[in-house]
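Trainee: The primary structure of each chain is shown beneath.
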Amino acid sequence: MLRVMNIVFILLLTSTTTLAETTTRDQGSNNENNDTHAKKQPKKKADDRGFDPCLFNASLAVCQNNKNSDNESSK
Amino acid sequence: MNFLIANKNIADALKSWLGVLTVFLAGAYTLFEYIEHKQSVRVERSLGYVEHYRDSNTAEAKLSLNQLLADNQQTLISLLNSHYADETELNAAFNKLILSITRTPAVQRNLEITFTFFEEAAICVEHELCDKEVIQSFFLNDAKSLFNSFYPYVCQLRKQWKNNTVYLKLENFYVNPGKDICQ
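Residue numbers (numbering that gives the first Met the number 0), protein chains in the order written: chain A, 0 to 74; chain B, 0 to 182.
Where hints are given, some of them may not hold.
[Claimed, not checked] According to the in silico footprint, chain A covers these stretches of chain B (three or more CB under 8 angstroms from chain A):
id, stretch
1, 58–70
2, 89–99
3, 135–149
[To be verified] Residues on chain B that point at chain A, a partial pick, calculated with CB under 10 angstroms:
id, residue
4, E43
5, I76
6, S81
7, D85
8, E170
9, K178
10, D179
11, Q182
Just so you know, the hints here were simulated from the structure itself, not pulled from any lab data.
Ideal placement from N, C-alpha and C gives every residue a C-beta, glycine not left out.
Please model the entire structure based on the sequences and the hints provided.
Mentor: Set out below in structure tokens:
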């Protein structure tokens, strides 16, 4: 009985530690993402993409697909 | 005496339930660890692509293509800002300009290196070997703008080789599956 309880205790302890590690890691990556986002915000969309003909004229054949993808992602 | 027997019965029942709980927890923990491990392997593999993109000849090829666009920027912008009777005329003029600046073997080689790299990363995600979020955060902007700029060249290749699947995975992953861009 005592042995079983010991096993359960060890398992619970290990799971809690792993969960804590994962949460810390996720929080870290979220903070990094927020920092990157904050740095990027002042830039224009054109700066992020490099030269993109669709930013000058959306009537090109390839830009019709881009517009569809932008609409879908905003939904 | 009855009290002791009852206690023993409770202890026995508790023992069985704890056994079941242990097995369940162990299974859940193993599954959790497996999923975590799989995810971290995917992320590591994706970051391998990022390193390769920055250090290898792919970086040089991409820089050359950006330089090519910068050299022709004024012509491209004035073409795109001009007024055309309809979209067909605009597309024809854009196709002609892009095909003229991509006619040299060096540019074609750089396009092949860059587009093949982007397509390989897309295939890696398709087979769930790489992490989609990581690949898209690092390559989406570059791949999309380069594909949008040089798509007439891709269309020319598809036409020449009679193969509509040339760089199709790249197009589907980074741009978006939609109508045929080479019509």
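Trainee: Taking the hints in turn, state whether each one holds.
Mentor: These are the hints, each one checked on the structure:
no.: 1; hint: 58–70; in the structure: holds (count 3)
no.: 2; hint: 89–99; in the structure: holds (count 3)
no.: 3; hint: 135–149; in the structure: holds (count 8)
no.: 4; hint: E43; in the structure: 14 angstroms, violated
no.: 5; hint: I76; in the structure: 6 angstroms, holds
no.: 6; hint: S81; in the structure: 9 angstroms, holds
no.: 7; hint: D85; in the structure: 9 angstroms, holds
no.: 8; hint: E170; in the structure: 8 angstroms, holds
no.: 9; hint: K178; in the structure: 6 angstroms, holds
no.: 10; hint: D179; in the structure: 8 angstroms, holds
no.: 11; hint: Q182; in the structure: 7 angstroms, holds
Hint 4 alone, counting from the list given before, is not met by this structure.
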